[in-house]
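Undergrad: Each chain is listed here by its residues.
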Amino acid sequence: MGCKCSEYEVLELVSFVGKLYLKNGAEVYKTEEIICTIGKNFGYEVETFSTLTCIVVSLSGRDKEYHSKVTRINSRDLNIQKLHLVNNLINNIESYSYKDFYREMTKVNDNYFLEFHRYVIGCVIVGMSFGIVFGGGKSEAIVGAFGGFFLSLATSFFNKYKINGVLVNIAGSAACTTVACVATYLGYTEKTSIIIIACLMILVPGLAFANAMRDFIAGDLMAGSSRLMEVIMVAASLSVGVGLVFKIFTFMGGVIY
Amino acid sequence: MITQFIFSILSVVGFTIIFNVRGKIAFWSAIGGAIGWIIYLFTTKLGFSIGISFFLAGAWITFVSQIIAIYFKTPITSALIPTLTPLVPGGGAYYTMFYLINKKYSMALKKGAETLIVCGAIILGFLVVSELFRLYLNKKTCVK
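As they're listed, the protein sequences go chains A and B. Using my numbering, the letters of the first sequence map in sequence onto residues 1 to 257. Using my numbering, the letters of the second sequence map in sequence onto residues 1 to 144.
Everything labelled a hint here was simulated from the structure, so no lab data went into it. This list has only true hints and no planted wrong ones.
Each computed DSS-like pair below joins lysine-lysine, with the alpha-carbon atoms no more than 27 Å apart: (1) A:K23 x B:K73; (2) A:K138 x A:K191; (3) A:K107 x A:K23; (4) B:K73 x A:K40; (5) B:K73 x A:K107; (6) A:K160 x A:K23; (7) A:K107 x B:K24; (8) B:K110 x B:K45; (9) A:K247 x B:K104; (10) B:K103 x A:K191; (11) A:K247 x A:K191; (12) A:K107 x A:K40; (13) A:K19 x A:K99; (14) B:K139 x A:K40; (15) B:K110 x A:K247; (16) B:K104 x A:K191; (17) B:K45 x A:K191; (18) B:K73 x A:K19; (19) A:K99 x B:K73; (20) A:K162 x A:K107; (21) A:K69 x A:K23; (22) A:K19 x A:K107; (23) B:K140 x A:K40; (24) B:K73 x B:K139; (25) A:K191 x B:K110; (26) A:K69 x A:K99; (27) A:K247 x B:K103; (28) A:K138 x B:K45; (29) A:K40 x A:K64.
Residues from chain A that keep clear of chain B, each with C-beta distances beyond 12 Å, as calculated: (30) S6; (31) E9; (32) Y44; (33) E47; (34) E65; (35) K69; (36) V70; (37) I73; (38) Y102; (39) R103; (40) F146.
All residues carry an ideal CB built from backbone N, CA and C; glycine is no exception.
All chains should be built: construct the whole structure from the sequences, respecting the hints.
TA: In structure tokens:
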């Protein structure tokens, strides 16, 4: 069916979809699978090698020559709604022509962002409910909600100016630790640790952890180990943020329970 | 236990909002994730070791998210990530850091080892269930 489109067009489409899929938090082996599926559907043999930061696609054309394209990925975030939509499109790939497929993909890429207010509400809910799940009471839940609120403000402010992810994590963890420490100082709560853990659960690298596991199990050791490095880096930056505020707080004479 | 159940549902709902999971997938993964947390609590109350209880919770969560992925035709990631995130041992990592700052090295070592055990147990549960599912699906396609 796809005999009309040229090698150039297929390469363009395939690397666009791969970038879209990987950028929003998919596993590496799944991305490679998807690229091969799309290439086969449009009538070409496509082989690919992907890591977390770049995708290399090579394609054997009709003119007995090899074509290839390298796509760099410089920022990663997570948006599962996009993954879901892309997956749906690929499941029904037979019913689209090349142009329609590309247009739908561009539509997915340009829309469906996570709105600011949803992010804030999500952070507040997580901070509040984990305050109780980890064994706190009413006052821990309230302080946890405030912590989640300030954490979401800090991280989205830093993300807006495209600051390095390590610094974003440090700022977020420092913000929620400050809230917990101030609440302890004013005497609202005595379970500082519970509040801090509850707020930190927002930033804990669950996505990277899950994807590292899935990549390792699928046999992609390189992608798995680089994901694992991401997990370690995020955990280290979170503990730096918390430790910094702790040091200042105890230096000023506060007590942490 | 009931308040724990309600608030763990709420926490998974919060994660589905943050990760932008929408609709019925979010609803069912919230309930599945809350049951996973309850499994962890219940098994520790029965006196199981921390490794085994996290193993069971991880296995259950993988099972639920595989079912959701097959039923709603979505990548497994979309159900797995919000349900798995509450189980990630953030508390263990925090306490490790906390004891390190206060120079209580033996306690820090204990907590760190516990965190590693929990991670390993979750991974093992995930691996067993997902391999079983893969075998089952392969068998189904072969018979057809």
